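Peer 1: Knowing the structure of chain S, use the given hints to seat chain R on it.
Residue-level listing of the chains:
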Amino acid sequence: MSEALLNVSRVSKTFVRGGLLSGERIAAVDDVSFQLDAHRPEIFTIAGESGSGKTTLSRMILNIEAPSSGRVSFDGVDLATIRTAAGRMDFMRKVQPIFQNPFESFNPLKRLDRYLFATYRRFAAAARQATPESAVDETLRKVGLSLQEVSRRYPHELSGGQLQRIALARALLSSPRLIVADEPVSMIDASLRISVLNLFKTLRDDLGISTIYVTHDLATAYYASDRIIIMQRGRVVEAGDARTVLKAPQHPYSRRLRDAVLLPDVPDGAVDASDGAIDLANASERRT
Amino acid sequence: MTIAPATQAGPSDSARPILTVCDLKAYYRTNHYGIKRDVKAVDGISLTVRRGEIYGLAGESSSGKTTLIKTIAGAIRPPMEVVTGSVEFAFLPGYDGLHRAPPAEVARIRWRRLSCIMQGSMNVLNPVRRIRSSFVDFAYPHIGGDRAQFEQKVVAHLARVRLEASVLDAYPRELSGGMRQRVTLALATICRPEFIIADEPTTALDVVVQKEVLGVIGGLQREIGASVMLVTHDMGVHAYLTNRLGIMYAGRLVEEAATGEIFRNPLHPYTKRLISSLPRIGDDTPRRGLEGAPPNLADPPSGCRFHPRCPLAMEVCRHQVPAMLESAPSHRVACFAVNGDDRA
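So the protein lines, in turn, are chains S and R. For the first sequence, counting from 1, position 78 maps to 78 in our numbering; every step adds exactly one. For the second sequence, counting from 1, position 78 maps to 78 in our numbering; every step adds exactly one.
The reader is advised that the hints may include incorrect statements.
Pairs of lysine-lysine residues, derived as DSSO-like cross-links and limited to a Cα-Cα distance of at most 27 Å, are as follows [stated by the list, open to error]: (1) K201/S x K247/S; (2) K110/S x K94/S; (3) K94/S x K201/S; (4) K110/S x K36/R; (5) K272/R x K201/S; (6) K272/R x K247/S.
Listed next, the stretches of chain R that the computed footprint assigns to chain S, with coverage defined by at least 3 CB atoms under 8 Å from CB atoms of chain S [unchecked claim]: (7) 223 to 235; (8) 277 to 288.
It is worth saying that the hints were derived from the structure and are not from the lab. Quick caveat, the model's predicted, so the values are computed rather than measured. All C-beta atoms in this analysis are idealised placements derived from N, C-alpha and C, irrespective of residue type, glycine included.
Just chain S, with the same shape it has in the complex:
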């Protein structure tokens, strides 16, 4: 067995709501364990409805939140033992986040290229010989954009899909080994969603970057991911190969979640508006 890139072992997170003594304890994440292999890059999905603890778990992996119990270690280093600024920088260089709403993750008054150059100076300048412009341009080309399109532009001038790609390019500048993407496509239009998902696949295949994909959308999870865990109220209820789990979910909750996915298919002869009359009997059948 080769070493683990990320090892999440028996992690729990409890929040206390209310007063110090009378507070109500809420287990946002409850005893979750999984591992990502260092030599086999993959797209790992954490799925569940809101309140299932998937975002809290991803925040613990990003070391924004400390677990109440259990251990998260990246590349053999326990995240709780990172104390120095240099240690944190080193961790951030290897693990990069992408957030849900690209319109909120960029400051509307700040030009987009400034983010890219700031990240370049912070993480990549020492490692590369190239000029900042060519390094940034090269990274933008990996996500299907170019510096020419991005320079001197503000967030409102670009579409959600483009902004999310810039967020991804920014994350790639530090040559990370893991990207933690929290609902990266839920705010993007359907026609652009697929291109962002394809990008994660390209990163995995060409650059060997693993992705933790946090989502509630099982259809995109099926399309993009290799392995999946399904969470309910902080616990993992089902885990395994994404295709096997999603085709035949075993746990009742996973089944319910899968059945709630609205498929873009209409059965034959369900509704035919061509004759002017609407067949309500068939329409209601379709809804049940």
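Peer 2: Positioned in the frame of chain S, the structure of chain R alone reads:
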């Protein structure tokens, strides 16, 4: 641009369409320090909605869906302006739109005949008033009678959206998102309106709750026999609920047909790419997203607005606007590649 009738009403279809939108243009006009800018959010849309059907409108963000809905609902505020065109409801003849009707007339039909469920509508409830007060504010003036009867009516109606009478005593923050959404659904439908406008009614909800709320919308629609105009970018919702579907791109309607027909046999290149890019569980074929950037509505491409991203673009697409023509029975599409270039 010629105004194509949406679909020829057959002799059996005796009822007039409940809503007829004719060559509607609504722009956002700004004039800052002498710099004039028109954002053509709705640019020449014609459609009809029949009685008792759920008409879906789909499109990307900034394709003009919400502007169209606002114009139909008469919620026009500067800088938005209706440039040309008319919006005619069967129950409000002779005014060419809610925004042109006198306020007394609008007050008469609002909630009774036309009601709206707006985007993020879980947040429309007043946080410091109980749900009961919201019902009294909205519906009591329209329903009247004594308060005990009114309350009975409200409770009966809440049962239709699968809520208990106890929610009347609750404050909005005590209810979950799905329950609040069902309360607003009940508010919008308690006067049994003939036409309901729903703008992204389930976008903020969780997947499991979304399906439940959509089921409630479908059930209510069947029960009170209303027509619904449902706007959302989620194609799964359209497949689940709507009867007919119009696809918008950059402020124009590009295709319209029965929902099943759109999913099985899309004709417009944009619709084709949109439908084929949707991931499905159990389908492993790799998919391609749509290349290129969405158009800027302040300076839209000439001719057909899809031509810079279109794989079938021809010379004529760059100069002329394709007309919305019926290329199959009840299937309208605006594309030269489909309809043939008979105007050049």
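Peer 1: Run every hint past the structure and note whether it holds.
Peer 2: Checked hints:
Between K201/S and K247/S the alpha-carbon distance is near 20 Å, which keeps this suggested pair within the 27 Å criterion. Between K110/S and K94/S, the direct Cα distance comes to roughly 25 Å. Compliance with the 27 Å bound is thereby established for this hinted pair. Distance hint between K94/S and K201/S is fulfilled; the C-alpha atoms sit about 18 Å from each other, no more than 27 Å. For the suggested pair K110/S and K36/R, the alpha carbons sit about 25 Å apart, so the restraint of at most 27 Å is met.
Straight-line distance between C-alpha atoms of K272/R and K201/S comes to about 23 Å, which keeps the hinted pair within the 27 Å bound. At roughly 26 Å between alpha-carbon atoms, K272/R and K247/S fall within 27 Å of each other, so this suggested pair holds. With 3 residues having a Cβ less than 8 Å from any Cβ of chain S, the stretch 223 to 235 of chain R passes the three-residue criterion, so the hint holds. Under a criterion of three residues with beta carbons nearer than 8 Å to beta carbons of chain S, the stated coverage of the stretch 277 to 288 of chain R is upheld, 10 such residues being counted.
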